[in-house]
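Chains as they are written, first to last, in my numbering: chain E, 151 to 332; chain P, 36 to 173.
Quick caveat, the hints were computed from the structure, so don't treat them as lab data.
Check before you lean on any hint, since a few could be wrong.
[Unchecked claim] Mimicking SDA-like on lysine to any residue, the simulated pairs with C-alpha atoms at most 25 Å apart in a straight line are:
#, chain 1, residue 1, chain 2, residue 2
1, E, K185, E, E295
2, E, K185, P, G140
3, E, K185, E, T289
4, E, K185, P, R141
5, E, K185, P, S138
6, E, K185, P, P142
7, E, K185, E, P249
[Stated by the list, open to error] Incomplete in silico selection of chain P near chain E, CB under 8 Å:
#, residue
8, S57
9, H79
10, E82
11, H83
12, S113
13, V129
14, T133
15, A136
16, C154
17, Q164
18, L166
19, G167
20, S170
21, F171
For glycine and all other residues, C-beta sits at the position ideal for the given N, C-alpha and C.
For reference, the chains in residue letters:
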Amino acid sequence: MAPSLTRREALGGALAAAALASCGGGDPPPSTGPKPGSGAALLGSLLALERAAIAAFGDCAEHLDGHARENVHAIEAQERGHARRLEGMIRGLGGEPPPGRAAEEYARSFPRIENAADALSFAEDLKEREVRAYLEALTELPSLELRTQASRICADEGTHLGAIRVLRGLPAAQGPFVTGAL
Amino acid sequence: MAQPSDRELLEDLLAREHRLLSAYEAALRRDAIDPALGAMLRDHEREHVRALEQTLAGRARNPRAGVAPPELNAALESRESFGRYAIGLEDDAVAAYTEAAASIGRPGLRQPLGSIMCCGAAHVVALRQSLGSRSFVP
Chain E
151 MAPSLTRREA LGGALAAAAL ASCGGGDPPP STGPKPGSGA ALLGSLLALE
201 RAAIAAFGDC AEHLDGHARE NVHAIEAQER GHARRLEGMI RGLGGEPPPG
251 RAAEEYARSF PRIENAADAL SFAEDLKERE VRAYLEALTE LPSLELRTQA
301 SRICADEGTH LGAIRVLRGL PAAQGPFVTG AL
Chain P
36 MAQPSDRELL EDLLAREHRL LSAYEAALRR DAIDPALGAM LRDHEREHVR
86 ALEQTLAGRA RNPRAGVAPP ELNAALESRE SFGRYAIGLE DDAVAAYTEA
136 AASIGRPGLR QPLGSIMCCG AAHVVALRQS LGSRSFVP
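Work the whole structure out from these sequences, hints included.
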């Protein structure tokens, strides 16, 4: 029997593909400036994820209305702020942020969204992926300054995840540990 | 000023978790929070306390000391005042975890501390919702 993907795996794969496409494929490499191990490559990956998420939240908002739409727009605006911060961090390391792609290019790799429930389900998957990426970055980023910035963005992502879960009619916190445990 | 040691960071977080746990326990006793929400938040804080105590392996110095701040009694007067009080406590805890997750010396603790930080951020969302807010992203 052919292996089948769960919906979550499919959605997560779509975002990963979009993020990877934005920092790989035909794009030029981020930069030759920063030293190996500076954290610039990891920041570039986070930036790619943020840019894919900005495009995804824009798509999701089109299928929402009322306060759900307002909240998703607010999340999208914060994601843009995160992207700008990451760009600044990469430049601070002597690098040049990768250029990113047009929203339509990201959208081609997203799952088909037909209604508000699809949009919020996709949004929750995106947020879980982002939270996980920032938590991993906390372990891997080499300097306190970079980790502090990543940690602040991660806290925002935790708020976003909680907000989307509430919009889906779920408890804001899925458990005592959003991912992993002590 | 010297950077706090890992133990000092963890003890500070543990004290904050005890404060949150005591607040939710008191709010549940005084009907100052929706029972289902209060129970969930209390249970999460218990898990955070347990995890931090386990990490400190019994070396925490009297983390219960200084728990019940005087503002708590006033906050317990109504669900609205308690909700606002709890948001303040959670916000402060999230800020402390944000710094600790970045600065703690043991890399293996950064991710789990960040995980609790995100849980605290979600608690703020839940509390804002309980106050009738429909805007969850500040």
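- prompt: Hey, K185 (chain E) versus E295 (chain E), does the alpha-carbon distance stay inside 25 Å?
  reply: 16 Å, holds
task: Return the status of the interface hint for E82 (chain P): holds when the least beta-carbon distance to chain E is below 8 Å, violated otherwise.
output: 4 Å, holds
message: F171 (chain P) was flagged as interface toward chain E. Is the shortest Cβ-Cβ separation under 8 Å?
response: This hint holds: F171 (chain P) lies near chain E, its Cβ roughly 4 Å from the closest one there, short of 8 Å.
message: Does R141 (chain P) sit within 25 Å of K185 (chain E), going by the straight-line distance between their CA atoms?
response: 24 Å, holds
query: If you draw a straight line from the CA of K185 (chain E) to the CA of S138 (chain P), is it 25 Å or shorter?
result: 22 Å, holds
message: The hint names C154 (chain P) as touching chain E; please verify it with the least Cβ-Cβ distance against 8 Å.
response: Hint holds; C154 (chain P) Cβ to chain E Cβ min 5 Å, cut 8 Å.
message: Holds or violated: the hint that V129 (chain P) contacts chain E, with Cβ atoms closer than 8 Å.
response: 6 Å, holds
Hint check, S57 (chain P) versus chain E [nearest Cβ-Cβ separation less than 8 Å]: It is violated, given that the least Cβ distance between S57 (chain P) and chain E is near 17 Å, above 8 Å.
Interface hint outcome for G167 (chain P) [beta carbon to chain E under 8 Å]: 12 Å, violated
message: Holds or violated: K185 (chain E) and T289 (chain E), Cα atoms, limit 25 Å.
response: Given pair K185 (chain E), T289 (chain E) holds - Cα atoms ~19 Å apart, limit 25 Å.
- request: Would you mind confirming whether the straight-line C-alpha gap from K185 (chain E) to P249 (chain E) stays at or under 25 Å?
  value: Distance of about 20 Å is within 25 Å: holds.
field: Proposed proximity, P142 (chain P) with K185 (chain E) (alpha carbon, max 25 Å)
entry: 21 Å, holds
Hints 8, 12, 18, 19 from the list above are not met by this structure, while the remaining hints are.
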